[in-house]
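Visitor: The chain contents come next:
There are 8 protein chains.
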Amino acid sequence: MSLEDILKQVANHELSVDSAMNQLKGIDELGFAQVDLNRLKRRKVGEVIYGAGKTAQEIKAIAQKLFEVQGSFLATRVHQNQYDEIKALWEEPLLQYDAQCQCLWIESQQEINQKLGKIILVSAGTSDGPVAREAEITLKYLKQPYLRINDIGVAGLHRLLNQVDTLRSASVLIVCAGMEGALPSVVSGLVDCPVIAVPTSVGYGASFGGVSALLGMLNSCSSGISVVNIDNGFGAAYCATQINLLTLYQQ
Amino acid sequence: MSLEDILKQVANHELSVDSAMNQLKGIDELGFAQVDLNRLKRRKVGEVIYGAGKTAQEIKAIAQKLFEVQGSFLATRVHQNQYDEIKALWEEPLLQYDAQCQCLWIESQQEINQKLGKIILVSAGTSDGPVAREAEITLKYLKQPYLRINDIGVAGLHRLLNQVDTLRSASVLIVCAGMEGALPSVVSGLVDCPVIAVPTSVGYGASFGGVSALLGMLNSCSSGISVVNIDNGFGAAYCATQINLLTLYQQ
Amino acid sequence: MSLEDILKQVANHELSVDSAMNQLKGIDELGFAQVDLNRLKRRKVGEVIYGAGKTAQEIKAIAQKLFEVQGSFLATRVHQNQYDEIKALWEEPLLQYDAQCQCLWIESQQEINQKLGKIILVSAGTSDGPVAREAEITLKYLKQPYLRINDIGVAGLHRLLNQVDTLRSASVLIVCAGMEGALPSVVSGLVDCPVIAVPTSVGYGASFGGVSALLGMLNSCSSGISVVNIDNGFGAAYCATQINLLTLYQQ
Amino acid sequence: MSLEDILKQVANHELSVDSAMNQLKGIDELGFAQVDLNRLKRRKVGEVIYGAGKTAQEIKAIAQKLFEVQGSFLATRVHQNQYDEIKALWEEPLLQYDAQCQCLWIESQQEINQKLGKIILVSAGTSDGPVAREAEITLKYLKQPYLRINDIGVAGLHRLLNQVDTLRSASVLIVCAGMEGALPSVVSGLVDCPVIAVPTSVGYGASFGGVSALLGMLNSCSSGISVVNIDNGFGAAYCATQINLLTLYQQ
Amino acid sequence: MSLEDILKQVANHELSVDSAMNQLKGIDELGFAQVDLNRLKRRKVGEVIYGAGKTAQEIKAIAQKLFEVQGSFLATRVHQNQYDEIKALWEEPLLQYDAQCQCLWIESQQEINQKLGKIILVSAGTSDGPVAREAEITLKYLKQPYLRINDIGVAGLHRLLNQVDTLRSASVLIVCAGMEGALPSVVSGLVDCPVIAVPTSVGYGASFGGVSALLGMLNSCSSGISVVNIDNGFGAAYCATQINLLTLYQQ
Amino acid sequence: MSLEDILKQVANHELSVDSAMNQLKGIDELGFAQVDLNRLKRRKVGEVIYGAGKTAQEIKAIAQKLFEVQGSFLATRVHQNQYDEIKALWEEPLLQYDAQCQCLWIESQQEINQKLGKIILVSAGTSDGPVAREAEITLKYLKQPYLRINDIGVAGLHRLLNQVDTLRSASVLIVCAGMEGALPSVVSGLVDCPVIAVPTSVGYGASFGGVSALLGMLNSCSSGISVVNIDNGFGAAYCATQINLLTLYQQ
Amino acid sequence: MSLEDILKQVANHELSVDSAMNQLKGIDELGFAQVDLNRLKRRKVGEVIYGAGKTAQEIKAIAQKLFEVQGSFLATRVHQNQYDEIKALWEEPLLQYDAQCQCLWIESQQEINQKLGKIILVSAGTSDGPVAREAEITLKYLKQPYLRINDIGVAGLHRLLNQVDTLRSASVLIVCAGMEGALPSVVSGLVDCPVIAVPTSVGYGASFGGVSALLGMLNSCSSGISVVNIDNGFGAAYCATQINLLTLYQQ
Amino acid sequence: MSLEDILKQVANHELSVDSAMNQLKGIDELGFAQVDLNRLKRRKVGEVIYGAGKTAQEIKAIAQKLFEVQGSFLATRVHQNQYDEIKALWEEPLLQYDAQCQCLWIESQQEINQKLGKIILVSAGTSDGPVAREAEITLKYLKQPYLRINDIGVAGLHRLLNQVDTLRSASVLIVCAGMEGALPSVVSGLVDCPVIAVPTSVGYGASFGGVSALLGMLNSCSSGISVVNIDNGFGAAYCATQINLLTLYQQ
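Protein chains in written order, with our numbering: chain P, 1 to 251; chain B, 1 to 251; chain R, 1 to 251; chain C, 1 to 251; chain S, 1 to 251; chain W, 1 to 251; chain L, 1 to 251; chain Y, 1 to 251.
Everything hinted at is true.
In silico DSSO-like cross-links for lysine-lysine, where the CA-CA straight-line distance does not exceed 27 Å: (1) K44(L) <-> K115(Y); (2) K118(C) <-> K143(R); (3) K140(L) <-> K115(L).
Distance windows between CB atoms, simulated: (4) N113(W) <-> L95(S): 44 to 50 Å; (5) E14(B) <-> Q80(P): 56 to 62 Å; (6) K118(R) <-> K143(Y): 52 to 58 Å; (7) K118(R) <-> T166(Y): 34 to 40 Å.
Calculated directly from the structure, the hints in this document are not laboratory data.
Beta carbons: idealized from backbone N, C-alpha and C, even for Gly.
Excised from the complex, chain P in its bound form:
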């Protein structure tokens, strides 16, 4: 409902001042946090919890509130010891945790819409595993059809060329790479769908914790690449999902 509509309904007494006030709020006040309960409606995807820097109690309280309202939740960057504390406090059999990528979540019961396009998630090397895994769990949580292909970095180009037909079947591509981050450039030149590039912190010395891959991706000579933060598998999957939802447009 637009601002004008709300004002008109208030003028027509179809909406009380209180209700109008509530229309513009969707927040459950927990004291230390303000849970954004209508984000699911506003953005198609509900609030996702960023675990780093929060106490286990804080994560648990926000997660329970979201689970209560949405029937599901996702928290990223939850360390093993935060998880151990949460598990001790919350005996919920649906709770899942992945130690490799530090995600904690409860999946919704919703089915995957088979009319959606397919997201393909590519990683350059086995060492990029944790970042790709964070993206994978996010795609599953967001009920997207996806395929994961590992270890097709540019040092052995034939590994990539063997997959060209598969890559061309994607509606959206997520490409994770560390070191020089060249894989998105090469992949992007071979396909006609959007490519989300994820620089990873894999490397040493002058890779500067992923900066070399990040700069490589931002400066790609191949058009059609957009980039997310270093190691941000979650963000890439979120973007890819928003893009992939357009495959249902006008249906």
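Take the given structure of chain P and dock chains B, R, C, S, W, L and Y to it, following the hints.
Guide: This is chains B, R, C, S, W, L and Y only, laid out in the frame that chain P set:
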């Protein structure tokens, strides 16, 4: 045609060795450049010329070759003096040049597909004009339905809030901002479509030629944002187009 | 008027829907810019024009609109050649321009409130002049009582110590310094009022265009210093004004 | 007393040479440290101890000396194990320690002056808690009226808009934010009081330990923001206090 | 075999479609990794495993596959605890591990070709030991004749000058240095063979983990130096080997 | 002649003290410069003049001295206006100048040794032309057999794949690329010879004048790449020559 | 005279309050600048004018004041066009200007003290000329015995070794070098006197305007080197002079 | 003995070839290290061991060799656990270790020359203690008269002003400071002797491990300051000693 298909046709003598070789090539050799003539087919968008560092003669030759094959071309980062030289050499009435954003192009005669979603192109301030203009010309060249909204930066939030309903009508958003680059974060929190963020080099001192805006966008607390290079209006429009083409998916 | 008040008035038909809509808008749509006309009311200081990257025509149009509504305006970072173009287009005898700091403005007729505290504006060296001048013009434009002291950098400490009593008479201090940016640390240790530090790009080599001064000020061992962007004399004066207005608090 | 006054009193034998010498000194020599005992008088706020890099014995000795003279003290960046050692050495029931933000202090018995303006302390997310807590303890220690609002980051703008009236009641605002650090820009555009921005090291990848937030704040498109060092909650509260004391000006 | 040859053989039925497909593939699919089995043939050196970020199980599986096919393998950046786990799983007496430089390998039984030139491996200081050791093990693994000279940094130039005749006997030089990284410049000026410079992370403060040495080497005033990543002893040895193999050219 | 040999000859009076002194010197003192006349003998390549920062007179004097002794010389980074001044002073018909890459030289009459391997010089895009040209002129000056291939960047991979057989015929490869600098990684994975990577300053925004390409190349996931300074076509050609001379080893 | 002495003299009426006040001041107030007239006495060297960012009028006024009091002055970083303006305003035959290093000065008539040690000023290459020249003029202005040696960079080590005996005759060494900045490390290892290293901005690409040389010098593996700012020939000469004055100690 | 003298003596058979060879060597070959035994003679100060990155055995072996030849040695950056291992292997009662600054040494029996000037070692804060301590131990080891003054940072300027007379009694000053590193600028303006500035890594956030202090010192507006690496107390003391030895010049 896949590698396997080509090999099978060669085995069946349905395809000569020469033709098979040509299938894998699509290049017009100009000596100083290898024009990628089948990029249009492979990537839905033809090769675009990056003008910086090329001589006027080189740009003209590549442009003419592309125009001949595709009936259109686009060159970015063409300085006024490069353009003056090209114009003197090539008397083509269809040639267009925009001095603000340094684009040179000939538009194709193709109609815009009205079933496509609408891309909305937003800029934070009037000073971001040249970057937004590069994006706009690219969208026009790529035959995308679009709307441009200027000067709704976060310093006067009501200017942005007045546009929320319009922003929500987009299939994809491009958001250009310099200085601290906060606009994509704020916009993204209000909509449910993908947001392509374009950091601009507007600012001084510790903006470091757009680095502050770039870092702000990469670290956005709001999910669903992906980022292109500083001042890369062209790249953002290219990404947005590839995404917007998904609105025709399965039709 | 708060959101709740507006809604209540709408409900009571004391306010039409249109008027309520307008309450939330204060924008004069110029096409390329959205002038924030109620900023003066909302923030006590009206919108100030950032000239860099705008055309002379754009600056003139925004300036005229603001002048019409407020009786005054200020534009920073207006190059000499932008100014020449504006002057040719707009024959307004009240127009003032300062070439050293690239400010263009028309002062309001309002008197300075003599109950306000006094802002003291200090520069470390003669070379910091343009930045200090931008701050000075802003203070004048914003009708603040102020005093300017030049060239008391730490290389000759007695120059500073001679001024201690004067410095202690300030309600707020603005301290501009380039190179190592040590002056705010030393000054701040001698006074009990807030200090706004302005790093300048004065220096060469490892001063990196003002970064050395900026870092020095951010890491000051003396408390009570806050910092604005490199060469941002305008921003410092704006902050100092907002602070100084508190000297009228509860009167 | 000014230098001239001291010299005149010496000339008039109203002040002995020794007393004049002592007038210019206020230092208690502890060997490893020179405690600045007259800072309270000179700067309205006494010396605050920076705990990092000091031994527990050193912190304790300086703290005891300050407590003896002032009846209170504050030490920041005191690690848990430094605190444990201090507690073992100094059995003082008034001693308080906060592990989240690593502050150690004894509060003075002084009352809060109710004529002071109100400082509002805002944080963008729950993860910014430790920095906001350091600011909060400093405000309490410095006897300032304050209000703390958590978790109103720009990803869910309505959470912020719900608080606009409250924010407008502040005399000074402290805004803590990590990641892209956009909150101060947005808040500053909505209020008319000074804003102290505190970048936090919350984030990962290209946030570079708070640099992205720092740059965002320094380059804010909204005027009236000044910035302190990354994670410097103490410094922000100190600045805000010096500013807030101006609300008592001329009373 | 070239692409054209493969196509011709397919056309002539000298090669089946399946065999042609396999010609272009050389990958053993392990699920998490795609081992590049024909790299040995394509590049004269087989795939080398980068251990960082991989699990012990992953390293072991790839290593066993390579050992099976090549009779040898090399893995770099294998931490002691990864090694302990591998050793527990794989009881292979030929397995060697060097804790100083974190290499794990099985050497092939192949003899060193005595017609090859001699690679000389130089380090500036004893602290550069681990990097030089990684290079040394790689040279041994790649069956190159080499000589290692330690601790001839430029602070005591006579140590270097004593070795000039020996240095001049090399076909290729590898020079490892940290801190200011000056040794390659000085050495290169004294010899007529290619110099591979390896910056090491030895140093502190403004050495920034090897950046000072890296920049020193990239900016050498002495020609004929090329540089590898910081601490990349393996990469330098690999380059030196490829260069040294040219000493067998046309024999 | 080794140090020991010189000393022995001195002891045996086969060499006078003066001659021994001269043996250790090879410098022609020009006042402002010390020309290294025996570098040709010591390093197989004579001193090359770095023109930047030198006056035209200085360049001319050094060039004439080298030409006199060696019959040839090469100067890099000689601006057009330096060249104009030199040409006016020195009427030498053999003098050649290339404005694109700012090289000035006189070629020796020496023949190319046809037993040498072939250096292949590759550039990613037409914009890398000036850097590739500097490398090309250096290779010609140093009498190396070479082949130049332009514009085979990774955005259109088939352009590169069409050249694989040619690339495999090289003894050494020089690969110039700007932007993300991915081409050396991809090329290196396809060949078995050493690759010298040259980052170019082609690009904008976050390419930071070639830093993105430099980091990409230093962090290549493909082994066998060593890197020279940004835009250092000369240095790459010098390295490649020293390597290529090994193809004559033991003949 | 110490503070205590001044106070005692005031108490004894041996010194008036006014004279005591003046003792602590030595400033000639020019409005835009506060000339530090007693710096010559306090620091043995008078104030030196930093020309950058000052107007020609400002430089001239300060220079005339210093010349009047000291009989000499030195101004650095005075551009040719600033000089032209000054010369037009001030017809003083003693005025000297050096365009290569942008120094303007009048020498004092004082003789050089022949008991002073000798400063040796070394530059690595001819391109470092302007920086070495700034140092040289400063040494002359400060009446120091000195010797200048050019172009003995480490690429041709024998040029340096030929000068070892001369270098060992210095009391202090100034060593200017750009690019990798290795010369101070090598020189310092051969002598027993203090070495002041001056990084120059000579170089390109990853030399980052002198940063590579600066880092190289700060991280020197050879002890006894201290460093000044990039291109700061003046500062190095000033330091060397203060050090060299110690050779007169206790005489 | 100069090169020429050696050659003459060889010619005159006053020196055997072997002895001449040895004259040019002074190295005890330990396998992993080449101890520079004649550095004491060449540079007045013997080789000092850099402990970081060396094994305890390596440090012990070099230390024993130096002790044997010189009767003393100094090793810096020796961690507590390296020391524990060395102590277990080498039962030498003269061995001293300081855990705060990680120095290990045996002092020589030599007396301090009372004719030397006095070095004064200043630190800005108690937290700079470890760096100042490293400098102090080095001064003691090098037999220099010195005085240490702690905690006179610029936040309380009177602490510094109280010490001005003492500071002026120094022949050389070492000034250690972290955070903004302003103390050397202020001190240098008050004295006439050389100042060696030592940036320390004290600070957090935008101090970047000492970079802010380093830049502040390099860009000091006060002349006569030269700078060593971050936290390099040893290097500063070494420089100060070389400078201070000039106070014995010509006596």
